[in-house]
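Engineer: Each protein sequence line maps, in turn, to chains W and A.
Residues 1 to 268, numbered by my numbering, are exactly what the first sequence covers, in order.
Residues 1 to 331, numbered by my numbering, are exactly what the second sequence covers, in order.
Think of the hints as simulated: they come from the structure by calculation, not from any bench.
Since the model is a prediction, treat every value here as computed from it, not as a measurement.
Built from N, CA and C at the ideal position, the CB exists for glycine as well.
Keep in mind that the hints are not guaranteed to be accurate.
Said to hold, decoys possible - So the derived list for chain A, only partly shown, Cβ under 7 Å to chain W, looks like this:
1) 53
2) 59
3) 61
4) 78
5) 79
6) 83
7) 89
8) 102
9) 105
10) 106
11) 107
12) 109
13) 110
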Amino acid sequence: MRHFFILLKHELRMLFISPPTYIAAVLFLCLMGFLYWAILRGMVNTPSETLPTVQFFSVFWIPVFFVVPLLTMRSIAGERSIGTLDTLMTTPTSRVAVILSKFAGAYLFYMLLWVLTIGFPLITEKLYPHAAESGALLEVEPLVGSFLFLATSGLLFISIGIFASSVTRSQLVAGMLTFTTLFVVIIGGQQMGNIADSGGEFSSWAVAAVNYLQIFEHLDDFSRGIIDTRPFFYYASTAFLLLGLSTLVSRSKSIERHNYPDADQPFQ
Amino acid sequence: METTPSIRVKDLTRQYGALTAIHKVNFTVNPGEVVGFLGPNGAGKSTTMRILSGIMSATSGSAWVGGICVAQNPHEVKRKIGYMPENNPLPDDMRVVEYLRFRSRLKEVPGHKLRATVQEAMEICDLARTARRKIIGTLSKGFRQRVGIADALLGDPEIIIMDEPTIGLDPHQIQGIRKLIDNLRGKHTVIISSHILPEIERSCDRVIIINRGRIVAAGTSTELREEFLPSNRFSLIVEGNETAVATCLASRGIDAAILESTPIAENRSELNLRVENEGNLGPQLIQLLSNQREFILHSLAPREPNLEEIFLAATKRSWEETIETKPKISA
Numbered sequence: 001m002r003h004f005f006i007l008l009k010h011e012l013r014m015l016f017i018s019p020p021t022y023i024a025a026v027l028f029l030c031l032m033g034f035l036y037w038a039i040l041r042g043m044v045n046t047p048s049e050t051l052p053t054v055q056f057f058s059v060f061w062i063p064v065f066f067v068v069p070l071l072t073m074r075s076i077a078g079e080r081s082i083g084t085l086d087t088l089m090t091t092p093t094s095r096v097a098v099i100l101s102k103f104a105g106a107y108l109f110y111m112l113l114w115v116l117t118i119g120f121p122l123i124t125e126k127l128y129p130h131a132a133e134s135g136a137l138l139e140v141e142p143l144v145g146s147f148l149f150l151a152t153s154g155l156l157f158i159s160i161g162i163f164a165s166s167v168t169r170s171q172l173v174a175g176m177l178t179f180t181t182l183f184v185v186i187i188g189g190q191q192m193g194n195i196a197d198s199g200g201e202f203s204s205w206a207v208a209a210v211n212y213l214q215i216f217e218h219l220d221d222f223s224r225g226i227i228d229t230r231p232f233f234y235y236a237s238t239a240f241l242l243l244g245l246s247t248l249v250s251r252s253k254s255i256e257r258h259n260y261p262d263a264d265q266p267f268q
Numbered sequence: 001m002e003t004t005p006s007i008r009v010k011d012l013t014r015q016y017g018a019l020t021a022i023h024k025v026n027f028t029v030n031p032g033e034v035v036g037f038l039g040p041n042g043a044g045k046s047t048t049m050r051i052l053s054g055i056m057s058a059t060s061g062s063a064w065v066g067g068i069c070v071a072q073n074p075h076e077v078k079r080k081i082g083y084m085p086e087n088n089p090l091p092d093d094m095r096v097v098e099y100l101r102f103r104s105r106l107k108e109v110p111g112h113k114l115r116a117t118v119q120e121a122m123e124i125c126d127l128a129r130t131a132r133r134k135i136i137g138t139l140s141k142g143f144r145q146r147v148g149i150a151d152a153l154l155g156d157p158e159i160i161i162m163d164e165p166t167i168g169l170d171p172h173q174i175q176g177i178r179k180l181i182d183n184l185r186g187k188h189t190v191i192i193s194s195h196i197l198p199e200i201e202r203s204c205d206r207v208i209i210i211n212r213g214r215i216v217a218a219g220t221s222t223e224l225r226e227e228f229l230p231s232n233r234f235s236l237i238v239e240g241n242e243t244a245v246a247t248c249l250a251s252r253g254i255d256a257a258i259l260e261s262t263p264i265a266e267n268r269s270e271l272n273l274r275v276e277n278e279g280n281l282g283p284q285l286i287q288l289l290s291n292q293r294e295f296i297l298h299s300l301a302p303r304e305p306n307l308e309e310i311f312l313a314a315t316k317r318s319w320e321e322t323i324e325t326k327p328k329i330s331a
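Generate the whole structure from the sequences, applying the supplied hints.
Structural biologist: Here you go:
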């Protein structure tokens with residue numbers, strides 16, 4: 001546990017001094033700021049029943065697709081390619097602590113980025129006090145629900161990134177793998193839901209299973225204040241599984257032959 | 001009183017699929033010794049060192065570090081070892097002092113000793129004044145190697161293992177590292193791998209030569225000389241007919257052979273002579289070879305075989321042995 005905190009501190013420090021982190025943060029905040037502005041503008045033209053906050057968080061998947069790969073692709077793949085993962089393993093640290101610290105570092109930064117988006121309604125309130133009079137900008141319940149959703153779904157998204165980073169030594173491949181997996185998990189689940197809704201060929205248990213994987217449904221429930229334990233279980237258990245697999249993969253990769261030039265001309 | 005050896009390795013084997021990187025390696029290193037691990041590229045040096053430091057496991061066999069079995073308790077073993085891996089990977093965007101502090105924390109150096117430990121390691125490696133706050137990515141190769149060595153020294157480990165510490169360094173830096181290793185002698189057990197032979201010969205008490213995954217020789221350089229190149233060698237410069245030298249010696253009952261002949265000037269050449277006879281041969285040879293009609297002896301000097309020759313002889317012998325035993329292994 002002591003090693004975990006030392007590594008986490010180091011991890012956060014490295015995240016804060018590395019340029020890709022700032023690129024991810026700037027891209028994220030610019031894009032989300034633009035989306036928030038577009039939502040508010042849309043609401044002025046066509047009044048809608050849903051709150052701007054709810055609409056804002058319903059596009060959570062757009063930044064997830066690029067922020068998560070940018071934050072995680074470096075974590076293990078980068079360290080392995082320059083060999084510092086091996087030097088870490090020469091100290092009395094366990095692989096679990098290394099993987100968990102990578103995960104926790106990226107997760108905390110991911111959540112920090114989302115917390116910064118509270119700035120958007122705050123700025124709007126400051127600039128247009130009359131618009132905030134109705135209290136629609138900063139309603140607490142959907143805000144808490146949405147953040148709870150982001151915090152739990154973030155467990156899964158970041159662990160997908162960490163796993164992708166652990167299976168390869170190329171950061172580019174890790175990033176692409178994260179992107180495609182996130183795409184399948186988020187959009188694929190939604191599409192399966194659409195198929196289940198439109199056709200009758202699914203049996204009831206299959207519909208239940210598909211609903212269980214519906215990330216958009218989860219967001220909908222959370223932002224309405226319906227806190228269900230099933231999504232918690234889904235995200236936490238899958239994240240746990242992926243982090244466990246990352247530990248195993250990193251252990252088996254550490255004894256790969258191409259890591260050791262000595263093994264190139266072996267004794268036969 | 002019998003002391004526990006710092007490192008004991010028994011029948012250590014490591015396979016990568018169908019390929020065997022090291023095969024039944026056995027050796028012992030005593031506390032305070034500086035041991036050189038010598039072998040051509042791909043001999044299995046790094047594999048052995050990685051197994052010893054607990055980073056990877058062996059396919060079969062056992063290794064004990066400070067009396068602790070590596071396979072059963074790799075965490076405890078890592079506390080006893082300071083390891084500098086091959087190519088010395090370092091994070092490029094950290095400062096030297098920050099990196100060493102981070103490594104000390106991971107090596108469980110207590111908080112109140114942290115500053116002093118890092119300072120001491122930096123002073124030993126001559127980093128304290130020159131590169132303390134420099135970013136690692138901007139350092140020259142020599143300084144990077146020093147950072148790697150300082151890292152291995154942190155936390156005062158019982159055993160220090162360095163995989164190719166002098167690779168890519170200039171002669172001044174190599175000399176600096178040699179001095180550093182001399183300072184560690186007696187206080188720590190040191191294992192250094194290299195394929196630069198004079199390096200090992202100068203800094204190590206004992207040499208282990210490994211080739212194609214097997215230990216082919218082990219001992220001090222003197223012992224190895226006796227084992228692999230037992231005969232006496234002389235270097236002489238003669239003017240005139242060099243074949244007459246061999247016939248002259250043979251006629252006096254001396255079993256000698258000219259291994260190498262290098263012409264150095266007109267009608268003058270340097271001969272590398274191997275003499276199988278025992279005893280103090282120098283004066284005897286001078287007496288025999290002087291006042292000859294066919295040639296003139298200009299100089300005669302005993303020639304100590306260097307580690308390079310021993311290494312070549314040992315690895316050659318191991319190749320021959322492997323070729324002989326190959327059908328047995330594949331069967």
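Engineer: Compare the structure with each hint and give your call.
Structural biologist: Results for each hint:
no., hint, result
1, 53, "holds, 6 Å"
2, 59, "violated, 10 Å"
3, 61, "violated, 14 Å"
4, 78, "holds, 5 Å"
5, 79, "holds, 5 Å"
6, 83, "holds, 4 Å"
7, 89, "holds, 3 Å"
8, 102, "holds, 5 Å"
9, 105, "holds, 5 Å"
10, 106, "holds, 4 Å"
11, 107, "holds, 5 Å"
12, 109, "violated, 11 Å"
13, 110, "violated, 11 Å"
The structure is inconsistent with the numbered hints 2, 3, 12, 13, although it conforms to all the rest.
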